[in-house]
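S.K.: Starting from the structure of chain C, add chain B where the hints point.
Residue numbers (my numbering), protein chains in the order written: chain C, 26 to 141; chain B, 682 to 954.
Don't read these hints as lab results, they were simulated from the structure.
We put the CB at the ideal spot given by N, CA and C, even for glycine.
Check each hint, because a few of them may be wrong.
Said to hold, decoys possible - To give an idea of the interface, some chain C residues facing chain B are shown, with a C-beta separation under 8 Å as derived from the structure:
| id | residue |
| --- | --- |
| 1 | I54 |
| 2 | A55 |
| 3 | V64 |
| 4 | E86 |
| 5 | E88 |
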Amino acid sequence: MTYLDDLALERALAAAREAGRACALATIIATRGSTPGKVGAGLVVDPEAGLTGTVGGGCGEAEVIEAARRVLATGRPERMHVDLMDEITSWSPAMCGGTMDVFVEFVPPAPTEEGA
Amino acid sequence: MILDAASSASLTVQATAAGASTATVLAVAPPAHAGRRLLLVLETDGGERVRGSLGSPALDASALAAARGALADPRHGDDLVTLADGAEAFVEVRRPVPDLVVVGAGHIALPMARIGAELGFRVWVVDDRPDFATRERFPTAHRVVRADFSDPFTEVPIHNGTHILLVTRGHKYDYDCLVKVLRDPARPVYIGMIGSRRRVRATFLQLLEDGIPKERLAEIHAPVGLDIGAETPEEIAVAVAAELVKVRRGGTAASLRDLEDVAERFFPAGEGA
Numbered sequence: 026m027t028y029l030d031d032l033a034l035e036r037a038l039a040a041a042r043e044a045g046r047a048c049a050l051a052t053i054i055a056t057r058g059s060t061p062g063k064v065g066a067g068l069v070v071d072p073e074a075g076l077t078g079t080v081g082g083g084c085g086e087a088e089v090i091e092a093a094r095r096v097l098a099t100g101r102p103e104r105m106h107v108d109l110m111d112e113i114t115s116w117s118p119a120m121c122g123g124t125m126d127v128f129v130e131f132v133p134p135a136p137t138e139e140g141a
Numbered sequence: 682m683i684l685d686a687a688s689s690a691s692l693t694v695q696a697t698a699a700g701a702s703t704a705t706v707l708a709v710a711p712p713a714h715a716g717r718r719l720l721l722v723l724e725t726d727g728g729e730r731v732r733g734s735l736g737s738p739a740l741d742a743s744a745l746a747a748a749r750g751a752l753a754d755p756r757h758g759d760d761l762v763t764l765a766d767g768a769e770a771f772v773e774v775r776r777p778v779p780d781l782v783v784v785g786a787g788h789i790a791l792p793m794a795r796i797g798a799e800l801g802f803r804v805w806v807v808d809d810r811p812d813f814a815t816r817e818r819f820p821t822a823h824r825v826v827r828a829d830f831s832d833p834f835t836e837v838p839i840h841n842g843t844h845i846l847l848v849t850r851g852h853k854y855d856y857d858c859l860v861k862v863l864r865d866p867a868r869p870v871y872i873g874m875i876g877s878r879r880r881v882r883a884t885f886l887q888l889l890e891d892g893i894p895k896e897r898l899a900e901i902h903a904p905v906g907l908d909i910g911a912e913t914p915e916e917i918a919v920a921v922a923a924e925l926v927k928v929r930r931g932g933t934a935a936s937l938r939d940l941e942d943v944a945e946r947f948f949p950a951g952e953g954a
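The following block holds chain C by itself, in its conformation from the complex:
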């Protein structure tokens, strides 16, 4: 993990802002049990540039990307609980047996004034 890899999310957010595009940021804020993504891991969903980062991959991440699309449409944040346990019989490598809470927020295309 190099210094610049470490800044991948920040760079993705800056690129969207630079281009005047809204995007969504998903952050793992809590986990229970075993999960592929750790607390603090994030995913930027940019409608043009695509995905940067990861919240662990697999079905869990797919759910988060769905939520990010809603957040991009409504402009309202969502807190979601992602269950990675109910597929315990599956062979998916993303199957871990834990749950995670993910906060998905709207990132506006430009800074906004209070109350705007």
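M.R.: Okay, now just chain B, sitting in the frame of chain C:
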């Protein structure tokens, strides 16, 4: 002004690149406040800057307290906290960018710059020789600086997140660099110096004569690296890299410095080099 994720990230990147630490408090519940954030920047001189708001003075006071608490705890990871009125927030801490300044661009600097970059350091290489301080020799470095050792840090940040490794070609140069570093108000998190015991001792004695306190000299990792019997430049770079990880993570492996009798450096009686 609402502090959104992009603005907050940009402020955080700027602050940590300059040696400051930051804590972001992102409200995640209740819905009326969710998505709002407050950013605390703790400057290297201890000064504070606060940006953003969670939407009420009581919440902001409580968020600021959480942010300060997180920054004061060196082991603090990202975490959910409960604030005033049962609000919930996610606290993210960012420490200063881990700068690794390699002074001397010779045969040890080459593997050191590569391994340092892999470990997440922002690597700077400094040398006074134009043929050595080249981008071609150090493709993974953040910057390669040509500077005299009498004033090596004009273009290089020395802050509390800086790691300095002295691998110059002579102890005169180590001495010149150490005088600069030890008289700077910033306290680098790591100072390592390569060299034989004789060379280390000569440098330390000179610094003592200049009035540098023993406690500061005791902070210097010399001999440098963990005790793994390293011999080649690559092995020495690995030993130093492992010592850098130990400083970062707090492991227990033995540093060569700790195996040496520290007092012996200052009272050069007994055996020679």
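S.K.: Would the hint on E86 (chain C) stand, with a C-beta cut-off of 8 Å toward chain B?
M.R.: violated (18 Å)
S.K.: Hold the hint about V64 (chain C) up to the distance rule: shortest CB distance to chain B must be less than 8 Å.
M.R.: holds (5 Å)
S.K.: Checking hints one by one. Is A55 (chain C) an interface residue toward chain B, by the C-beta closer than 8 Å rule?
M.R.: Interface hint status for A55 (chain C): holds (5 Å vs cutoff 8 Å).
S.K.: Classify the hint on I54 (chain C) as holds or violated, based on whether any CB of chain B lies nearer than 8 Å to its CB.
M.R.: Constraint on I54 (chain C) satisfied, holds at 4 Å.
S.K.: Verify the interface restraint on E88 (chain C): the C-beta must sit less than 8 Å from at least one C-beta of chain B.
M.R.: Violated, because the Cβ-Cβ distance from E88 (chain C) to chain B comes to roughly 17 Å (cut-off 8 Å).
Checked against the numbered hints given earlier, this structure breaks hints 4 and 5; the rest are met.
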